[in-house]
Amino acid sequence: MKVSTDKILKRWGILALLALVTLYCLGPFIWQLLTSLKAGVDLTRLPPLLPPAPTSENYVAVFEEHPFLRIIMNSLVVATSSTVLSLFVGSLAAFSLAKLPIRGKAVFLAFVLSVSMFPPISTVSPLYLIIRTLGLRDTVWALIMTYTTFTLPLTIWILTNFFRQIPHEIYLAARVDGCTRFQIFYKIFIPLAAPGIFATAILVFIFSWNEFLFALTFTSTVNSRTIPVGIALFPGIHEVPWGEIAAASVVVTVPIIALVFVFQKRIVEGLTMGALKG
Amino acid sequence: MTVKTERGGYPFIMPAAVVLVLVTVYPLIYVFWLSLHKRHLIFETSTFLGLGNYTFLFTDERFFTSFKNTVYFTVTSVTLELVLGMCVALVLNSAIRGRGVLRAVVLVPWAIPTVVTAKMWEWMYNADFGLFNYLLGLKVNWLGSTMWAMNAAVFMDVWKTIPFVALLLTAGLQVIPRELYHAARVDGAGPFFMFRKVTLPLLMPIIIVVLLFRTIDAFRVFDAIYVLTGGGPANSTETLSIYAYKVLFQTLQFGYGSAISMVVFLCVGAISVFYVRLLWRQP
Chain V
1 MKVSTDKILK RWGILALLAL VTLYCLGPFI WQLLTSLKAG VDLTRLPPLL
51 PPAPTSENYV AVFEEHPFLR IIMNSLVVAT SSTVLSLFVG SLAAFSLAKL
101 PIRGKAVFLA FVLSVSMFPP ISTVSPLYLI IRTLGLRDTV WALIMTYTTF
151 TLPLTIWILT NFFRQIPHEI YLAARVDGCT RFQIFYKIFI PLAAPGIFAT
201 AILVFIFSWN EFLFALTFTS TVNSRTIPVG IALFPGIHEV PWGEIAAASV
251 VVTVPIIALV FVFQKRIVEG LTMGALKG
Chain G
1001 MTVKTERGGY PFIMPAAVVL VLVTVYPLIY VFWLSLHKRH LIFETSTFLG
1051 LGNYTFLFTD ERFFTSFKNT VYFTVTSVTL ELVLGMCVAL VLNSAIRGRG
1101 VLRAVVLVPW AIPTVVTAKM WEWMYNADFG LFNYLLGLKV NWLGSTMWAM
1151 NAAVFMDVWK TIPFVALLLT AGLQVIPREL YHAARVDGAG PFFMFRKVTL
1201 PLLMPIIIVV LLFRTIDAFR VFDAIYVLTG GGPANSTETL SIYAYKVLFQ
1251 TLQFGYGSAI SMVVFLCVGA ISVFYVRLLW RQP
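The listed protein sequences correspond, in order, to chains V and G.
Residue 214 in our numbering is what sits at position 214 of the first sequence, and the numbering runs on without skipping anything.
Residue 1096 in our numbering is what sits at position 96 of the second sequence, and the numbering runs on without skipping anything.
I should point out that these hints are in silico values taken from the structure, not numbers from a laboratory.
Hints should not be assumed to be uniformly reliable.
Calculated lysine-lysine pairs in the DSBU-like style (CA-CA distance at most 35 angstroms, straight line) [said to hold, decoys possible]: (1) Lys1038(G) <-> Lys7(V); (2) Lys1197(G) <-> Lys10(V); (3) Lys1139(G) <-> Lys1038(G); (4) Lys1246(G) <-> Lys265(V); (5) Lys1038(G) <-> Lys1197(G); (6) Lys187(V) <-> Lys265(V); (7) Lys105(V) <-> Lys265(V).
Take these sequences, add in the hints, and give me the full structure.
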């Protein structure tokens, strides 16, 4: 039975490869998780790899000695508002690009695409001055405004593709029945494109949750500081508090990992849609 | 019955257009304007220099170092990501069971905030208590040596971005018709021949798109390296974005810093034009 041994070998080979890929992808995070359960002298001792005396000390410290809850709330507010705004403004634009007669569609889409390639560093200095002039420094508004704009290209790009797939007859029929264009937009097109809107929302949320350069520049206190800045500037008195940093990282990463596991199919859809439909 | 002549859809696109112009186009013009001035943020002085900041770039050794660092980082990380991402894509594509779980697993490095990734890797690179030195039985000061620090950043970036590359390539692999492989097999083609003559040519447009996105992202890298090393040791990991940031917000020279960030913008523009033209030339 040579054929079947071949098959078995091949199956085990693939399984081994899969195990390798899994370890590679999750390894660093697992290590961070283990570190977060170690305290004191255990942090600076190797072996053992596993925490000899698992402790929740670091987690308690993150919330009691640092204003981490406030920082998480800031991030939630910023990411949620940016997502809602970006989807609202972006889906309106996408609807008109996909279904309404306007001139220069190709030009506008090319412009949107080129905006998505703007290096953040190239706009951070003028944006800082503008935000300072508007008196929005160290407020969540500065970040919401920036993230909404910088995620618009992605939103417009993905949703235009989604709206285009909806048959034009539906639009025409509703128009004949006397719907206004705005009614068609929110009563028919939004529900029909729900999967796409959902995929986009997740991508925009993750972007806003993770962004660092603008957050570092526009925020200065816990009034508006978001998670990435909080973790990057984690205060230590004498030495770097690796255990607490690990605990904080785990706290902010677990929701994202949960999101990824639940919605992986949608995320991949959105990512490939955003990148490949050019 | 015909629908009466439609008015344009301009009201729908207006909000997006206005926001994009106000928050991206206007700042871009503003940054160019700033780059023509000598402007210090504390003293609130501003004098017109013309192209003075740009000519100064040519005499600034630190600028050249950061330019070289950026190019080194971009070339090595993008090359590794493409090659390894292709390997992962081929594994993902051949796995029949557990593809869903595997896809989620592969997304994890992509989804973790870059700052968290950098902190995780900084800890693993730790010379005394780090996981890497322990597992490898070495005593390398990864982030403290000018020889290793940039490569350490490259390894981290490769880990983080392989998923993105692999997922896009997998999407491309899945639309290649199976019949092509069958036909090639009937003709007696081996796996390498098939990869080179069937897979690669058909995947080329997607490979170019992946290269476009990855090259741009790598060239404008900021947070990953800024958090991992801060640009050190001895500026050996300082990229253009990091140098521009330091000039802007640590020494508060808004004119000169804006000039450096204009350079980043122009380079990224050139990179995108190059790849987009390559894409157009695809059959």
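Exercise. For this structure, which hints from the list above don't hold up?
Worked result: 1, 3, 4 and 5
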